[in-house]
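Number of protein chains: 2
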Amino acid sequence: MGPGPISAYPSVLRAMSAPLVGQYDPYMTAVMNETQELYRSVWATRNEATLLIDGTSRAGIEAAIVSLVRPGDRVLVPIFGRFGHLLAEIAERAHAAVHTIETDWGQVFPVSAIEEAILRVKPALLAIVQGDTSTTMNQPLDEIGALCAKYGVLFYTDATASLGGNAFEADAWGVDAATAGLQKCLGGPSGSSPITLSDRAVKLVRSRSRIEAGIREPGDKNSAHFVRSNYFDLGMILEYWGPRRLNHHTEATSMLYAARECARVIALEGRDAVIERHRIAGAAMLAGVRGLGLRVFGDMAHKMSNVVAVEIPDGVPGDAARAAMLNDFGIEIGTSFGPLHGRVWRIGTMGFNARLDTVLTTLVALESVLRRFGASVPVGGGADAAADEFRRA
Amino acid sequence: MGPGPISAYPSVLRAMSAPLVGQYDPYMTAVMNETQELYRSVWATRNEATLLIDGTSRAGIEAAIVSLVRPGDRVLVPIFGRFGHLLAEIAERAHAAVHTIETDWGQVFPVSAIEEAILRVKPALLAIVQGDTSTTMNQPLDEIGALCAKYGVLFYTDATASLGGNAFEADAWGVDAATAGLQKCLGGPSGSSPITLSDRAVKLVRSRSRIEAGIREPGDKNSAHFVRSNYFDLGMILEYWGPRRLNHHTEATSMLYAARECARVIALEGRDAVIERHRIAGAAMLAGVRGLGLRVFGDMAHKMSNVVAVEIPDGVPGDAARAAMLNDFGIEIGTSFGPLHGRVWRIGTMGFNARLDTVLTTLVALESVLRRFGASVPVGGGADAAADEFRRA
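Chains A and B, in that order, are what the protein sequence lines are.
Note that my numbering numbers the first sequence so that position 24 is 24, with each residue one more than the last.
Note that my numbering numbers the second sequence so that position 302 is 1302, with each residue one more than the last.
Errors might be hidden in some of the hints.
Sample of chain B residues facing chain A (criterion: CB under 10 Å; computed from the structure) [to be verified]:
id	residue
1	Glu1089
2	Ser1192
3	Thr1253
4	Ser1254
Far from chain A, by Cβ distances over 12 Å, these chain B residues were calculated [unchecked claim]:
id	residue
5	Pro1005
6	Arg1040
7	Asp1054
8	Gly1084
9	Ile1101
10	Arg1264
11	Met1300
12	Ala1301
13	Glu1332
14	Arg1355
15	Leu1360
The set of hints was computed from the structure by calculation and includes no laboratory data.
Values in this document were obtained by computation on a predicted structure and should not be read as measured data.
Note that beta-carbon positions come from the ideal geometry of N, C-alpha and C, so glycine has one too.
Using the sequences and the accompanying hints, generate a full structural model.
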């Protein structure tokens, strides 16, 4: 019940035990195609370029940034938590001219602040996190695509922590590139990163095309502005996932099965129903921790559904209480980064863990642990408030 | 039965269904430590810096090269097949001054040719493939470490296709850095890349250390020569696998389980026994295809144990025959790259597939398919010769 990675759906765990097949086996390429189609639904997009990067969520981030940013390009990164710093860091390593704006932890940016920064910085790319688990905030993105289109800015967002548990509309919001991971609301293991690219992003990627030595053919023209990573060169990766099936990496078959099953779970339950399940579980957890008399951190109007930051009560040793949750109850809750380190725990309700029983169990265990460490907590206050919330839904 | 990816060991498939745990759960970090120790045996090394890169085998290659090569560094790449070109490509993208020497496909380099090139190029890094599946050749490495030590050159080798099925002695051979993948002789899925680094390599990596923005602490000094990739920055990855457990990526738990189980299979059977099993299966497959009257490609004195390149007989349509093997017998054999494309099939015997029954089944199926396409083949000539080889072992 931490901020991720989380317990996977049982069917996702089982999916990874399926036998492997060859890289160009018709079954393999059919699974790749099917997975692309499933993720188009998850992202709410018609983008042909919807696929997986073989690595963790930050592999997807790096693939997007190094493929979309040419050295010297201006990149604007609005930072509202740790993972905004990560986007800036990756862009800086890629020789971008990085400009950041920051807001206090626990807040998001009003669209006017982003517009003001775009006008000032004139970036080639806006890179912004949707949901930052470090603060639990969910940045509204619905007006940003139009803004970017107006000023000719490419719009990339990192939806690792939010996708599948909060609204996401790639096409309707005008997103040019988005990446995620399986280990949050998608309910799978870390190690595969879904990505989707608009036609505009694909055009840029293709303009930087370079087919690697060893498989280059006479007709292949290589750009002078090629991507400096081979592994994250989206131009090559698109040729591997596309009809040419040009050999690049060897697709991580078991992780492909996992990613497919994560998206199948969503398709079966219904994408909107899964997002609603996260909303309810998140609201119940929020009501529950408040029912225990705990204060929560950040602007509740912009909290992600799937995680809440709970202030550690005075006198309760944060790490010892977390250890008691894990060792005595088998329940993980999260610590935190940066300015919140030692101040809050982060409790997640995502993917398979966005359920009535997991929420109630966590709350009764937390009540017990808090009392053990001397905190005064209302008897049953957490589980009762959470159960009420579930009943209301 | 292609050149990889291959069928995984059943226990490896099962291992991936194990429940996930939190990133810093004591069980998780214990599994990470155990996996490091298991891979020290696989690599035959005492290197503390023995761990996994979260990505396919080429992720491991890129992590090694971008972390060991500073822009402008001279890198020498002896190329004897497609994957030598890949090492050169990745080094070139990393702004290295790449120098290559080439030998005919089907051959390896005598150590004198490598010494001559080192003297001429004076590289900072020698990057060479051990086993290149594109040609099936296995480059002898046992004298190269001493050579590199003599001339102050860092020695990196890509053992993706060879590790676990052919001799590899990281310490005895003086290897500074080596990377692999699970999807060949280690008998697992693609998606995790074992890597080992000597103290000399670690020293270089640490000299380029940069702790990313967002988790940097006052005492952290950042080098001006930092690695331009965040995901492949071995300095950060070492801090994640080391006692500091500094947050970097979220370790791909299911792939970690898979990687651990691959190494456990080897530990249980015995490393030398597994290599010997590959030797026998490879010798049997070689005898078998010759028993069918087929010619093989390359210098048999330097063939990897785990793959053989078989010349497609005149008049037999290579792709149609491969399709018949797959569709009618459920057996994949491989096509080939570059100068060998359309000339040879590549047949593998690796990991779980290095067995008597898989070898014999492949050979009787191939006999049937060859005959169907009009080739004249000795009745039972393949399986008989292979069975003889197994009996002799």
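Here is how each hint holds up against the structure:
With its C-beta approaching chain A no nearer than about 5 Å, Glu1089 of chain B sits inside the 10 Å limit, and its interface hint holds. This hint holds: Ser1192 of chain B has a C-beta 8 Å from the nearest C-beta of chain A, less than the 10 Å allowed. Hint status for Thr1253 of chain B: holds, given a least beta-carbon distance of 5 Å to chain A, under 10 Å. Because the closest C-beta pair between Ser1254 of chain B and chain A is about 4 Å apart, less than 10 Å, the hint holds.
Interface exclusion of Pro1005 of chain B from chain A breaks down, the closest Cβ pair being 6 Å apart, not more than 12 Å. The beta carbon of Arg1040 of chain B is kept farther than 12 Å from every beta carbon of chain A, the shortest such distance being approximately 23 Å. The claim that Asp1054 of chain B is not at the interface with chain A is violated, since a C-beta of that chain comes within 12 Å of its own (minimum 5 Å). In this structure Gly1084 of chain B is not separated from chain A by more than 12 Å, as the shortest Cβ-Cβ distance comes to only about 8 Å.
No beta-carbon of chain A comes within 12 Å of the beta-carbon of Ile1101 of chain B; the shortest separation is about 14 Å. Remark: the non-interface label on Arg1264 of chain B is consistent with the geometry, its nearest Cβ contact in chain A lying 16 Å away (cut-off 12 Å). At roughly 24 Å, the least C-beta separation between Met1300 of chain B and chain A is larger than 12 Å, which holds for a residue marked as non-interface. Distance to chain A confirms Ala1301 of chain B as a non-interface residue, since its nearest Cβ pair spans about 25 Å, more than 12 Å.
Against the 12 Å criterion, Glu1332 of chain B falls within the reach of chain A, whose nearest CB is about 4 Å from its own CB. A cut-off of 12 Å between C-beta atoms confirms that Arg1355 of chain B is not in contact with chain A; the least separation is 15 Å. No beta-carbon of chain A comes within 12 Å of the beta-carbon of Leu1360 of chain B; the shortest separation is about 20 Å.
Checked against the numbered hints above, the structure breaks hints 5, 7, 8 and 13 and satisfies the rest.
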